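Asker: The chain contents come next:
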Amino acid sequence: MDRARREALQGDLARLADGDRDAFHPVFVCLWPLLRGFASRYLPAGDAEDAAQEALVKVFARAAVFDARRDALHWTLGIAAYEIKTARRRRQRRREDGEPSAEIGDGHLGPEALAIAKEREDAIAAALALLDPADAATLRAYAAGDPPPVKGATFRKRVQRALARLRLAWRIDHGRP
Amino acid sequence: MAVPEAALSARARRAYEMGRLRSALPAVALAVPMVGLSLALCDRMAASAGCGLALVAVLLAAAWHGRAYARGARAGLVAGIGPLLLPMATGFHLCAGGVCLLAPTACIVAALVGGAALGLHARRHIPASADAGGYVVTALGVAALAGSLGCVIAGVSGIVGMVVGLAIGAVPVLWWPARTT
Chain A
1 MDRARREALQ GDLARLADGD RDAFHPVFVC LWPLLRGFAS RYLPAGDAED
51 AAQEALVKVF ARAAVFDARR DALHWTLGIA AYEIKTARRR RQRRREDGEP
101 SAEIGDGHLG PEALAIAKER EDAIAAALAL LDPADAATLR AYAAGDPPPV
151 KGATFRKRVQ RALARLRLAW RIDHGRP
Chain B
1 MAVPEAALSA RARRAYEMGR LRSALPAVAL AVPMVGLSLA LCDRMAASAG
51 CGLALVAVLL AAAWHGRAYA RGARAGLVAG IGPLLLPMAT GFHLCAGGVC
101 LLAPTACIVA ALVGGAALGL HARRHIPASA DAGGYVVTAL GVAALAGSLG
151 CVIAGVSGIV GMVVGLAIGA VPVLWWPART T
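Residue numbers (our numbering), protein chains in the order written: chain A, 1 to 177; chain B, 1 to 181.
For the record, the hints were derived by calculation from the structure and aren't laboratory data.
Worth double-checking, as some hints may not be accurate.
As the list claims (entries may be wrong) - Covered stretches of chain A (chain B as the covering partner; in silico rule of three or more C-beta atoms under 8 Å from a C-beta of chain B):
| hint | region |
| --- | --- |
| 1 | 63–73 |
| 2 | 123–129 |
| 3 | 147–160 |
What the hints assert, rightly or not - Sample of chain A residues with no beta-carbon within 10 Å of chain B, all distances over it, derived:
| hint | residue |
| --- | --- |
| 4 | Ala-8 |
| 5 | His-25 |
| 6 | Asp-132 |
These figures come from a predicted structure and were not determined experimentally.
Just so you know, even glycine gets a beta-carbon here, dropped at the ideal spot from N, CA and C.
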């Protein structure tokens, strides 16, 4: 978010806290894409959308007590971060309870989960293609659990370096870790 | 689950209005001990309860609406403390067994001081704008209702005297800079 938009958000949220309803729409228009993008960095698509909605509603529910001396962006992202944390905890609990969140009855993945998995595989393949072939081969061998072609410590070091490069390539391509 | 932006906006708007209502509750809580004092000391249950209910309603509406109305309500509450407490204090000492002549005077004097203080505060801190009228009207209204909780001890004359005192205290102070500028 650039400086001008950040200052506009600060002013609009302060006006909203004071009771100026005209500031509602500008704050909504500014925050909704911001929170959606923020949540999608840390959660899969469906959960991210839900968490972003909850965060947005909570921001507006607490807007009346927003202290204009505080940074509006930090305040908003703090609320969103808490929602994301809650959503992740919920996901974790679902997994622990063995709730069939994305699977269909016979243990196979549902169409949505399949699509997400396919999208993820494509993204990993694209990031691997950006790497040096030796790094890509190291990571493929590591992921497949193949016996290392070199000594254990050397292989671990290579994996570490290749993973760092993969993370960098992923971040450049997708804007997220 | 994705929802249309309009539905999300409506939900956010409802959350905002509910949040404003919740944030108005502390202001209303300030009125509770005032009403309690009036009920306990003034011996006019119906009048005290009526004034108390009106004060709570005005405070809630002003704090929920926000802006100049909320600021005016806060200032009015402070300005109303004098007319609330002074007649009760005089009633304690001088009017326990008979006719109370000092209480209406106390209402008027406290209201004059409260009104003047309100006018001075508005003159210094509230810029002349469309909101200034809302501020002054809300502040005077809340001060009058808070004051009436104490002045009820002196009957209708006490309340009328207090309202007139508030107006006489506030209006010249508010009017004066308009003449000089």
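Asker: Take the hints in turn and mark each one as holding or not.
Answerer: Hints, one by one, checked against the model:
1. 63–73: holds (count 3)
2. 123–129: violated (count 0)
3. 147–160: violated (count 0)
4. Ala-8: holds (18 Å)
5. His-25: For His-25 (chain A), whose nearest Cβ neighbour in chain B is about 8 Å away, the distance does not exceed 10 Å, so it is violated.
6. Asp-132: With a cut-off of 10 Å, Asp-132 (chain A) remains clear of chain B, as the shortest Cβ separation is near 39 Å.
Consistency note: the structure conflicts with the earlier hints numbered 2, 3 and 5.
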